[in-house]
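Colleague: Sequence:
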Amino acid sequence: MLQKIISACCIIAFMAGSLFKAQIASANTISENMTANLDYLNLTDNQKNKVLYINKVAADSLNALDKKIGNNSNILNNKAITSELVSIMVQRDASLRKILTPEQEGQFEKNRIKELASFRTLVMIPLLDLTDQQVPQVYDINFKSVQAMQNDLDKRNKSNRATNEQDARRIITNQFKNVDKDFEAILSPSQITIYKNNEQMLIDAVRNDKKVATK
Numbered sequence: 001m002l003q004k005i006i007s008a009c010c011i012i013a014f015m016a017g018s019l020f021k022a023q024i025a026s027a028n029t030i031s032e033n034m035t036a037n038l039d040y041l042n043l044t045d046n047q048k049n050k051v052l053y054i055n056k057v058a059a060d061s062l063n064a065l066d067k068k069i070g071n072n073s074n075i076l077n078n079k080a081i082t083s084e085l086v087s088i089m090v091q092r093d094a095s096l097r098k099i100l101t102p103e104q105e106g107q108f109e110k111n112r113i114k115e116l117a118s119f120r121t122l123v124m125i126p127l128l129d130l131t132d133q134q135v136p137q138v139y140d141i142n143f144k145s146v147q148a149m150q151n152d153l154d155k156r157n158k159s160n161r162a163t164n165e166q167d168a169r170r171i172i173t174n175q176f177k178n179v180d181k182d183f184e185a186i187l188s189p190s191q192i193t194i195y196k197n198n199e200q201m202l203i204d205a206v207r208n209d210k211k212v213a214t215k
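For the sequence shown, the residue numbers in this note's numbering are 1 to 215.
I should point out that these hints are in silico values taken from the structure, not numbers from a laboratory.
Quick caveat: nothing in here was measured; it's all calculated off a predicted structure.
Among the hints, erroneous ones may be present.
Below, simulated SDA-like cross-link-like pairs (lysine to any residue); rule was C-alpha separation at most 25 Å, straight line [claimed, not checked]:
1) K155 x I194
2) K114 x Y40
3) K67 x I194
4) K98 x K79
5) K48 x P102
6) K181 x R170
7) K110 x Y40
8) K177 x A80
9) K196 x P102
10) K79 x A64
11) K79 x E199
12) K177 x F143
13) K50 x Y40
14) K79 x D182
15) K196 x A185
16) K177 x A148
With the hints as extra help, turn the sequences into a complete structure.
Modeller: Structure below.
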């Protein structure tokens, strides 16, 4: 699994829309492309420097996580690594939101489908020990489920129906379960078993990242 997380970050960044050529993955590459993916926010030069620093801290932490993993791949180790990865990315987003204006945070929320699909894919990489070939496939499936989930939430909000924590949990759970067959088509039998045994943890990881707005 050596360098799997950092390498996969490059793949995810490309899937999410960052324009860069294939290159050797590094913490600097990841932080630069994570920052480039936020160009739509029209960050000031001061904000860009702060965002680049925040992303570099996250990328360095991911790089350290890769080195910690080495080639040791087992379910207990992978679950522990997954928990650390979630903490890194949640902290990254919390730091990012602190420097955004209300208008920019609104734009960030509008882009949350790609952000959430990327986040969930990143969380699944160490847990399932995804191959480089599987990463873009998993991203596509996650994007599909997140888009459907967000459509459900938007419909509720437009109809002036309050979406409480229980409603949000139900919608998130249902949409992720709707793509189980899609995952079964690309995952190995052992990966499917791990996925199903940890499905709730993956759902909770998404909710804890606070990328789904409930109103």
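Colleague: Now tell me, hint by hint, if it's right for this structure.
Modeller: Do the hints match the structure? See the list:
no. : hint        : verdict
1   : K155 x I194 : violated (33 Å)
2   : K114 x Y40  : holds (13 Å)
3   : K67 x I194  : holds (23 Å)
4   : K98 x K79   : violated (29 Å)
5   : K48 x P102  : holds (16 Å)
6   : K181 x R170 : holds (19 Å)
7   : K110 x Y40  : holds (11 Å)
8   : K177 x A80  : holds (23 Å)
9   : K196 x P102 : violated (38 Å)
10  : K79 x A64   : holds (16 Å)
11  : K79 x E199  : holds (12 Å)
12  : K177 x F143 : holds (14 Å)
13  : K50 x Y40   : holds (16 Å)
14  : K79 x D182  : holds (22 Å)
15  : K196 x A185 : holds (14 Å)
16  : K177 x A148 : holds (12 Å)
Hint compliance for this structure: hints 1, 4 and 9 are broken, all remaining hints hold.
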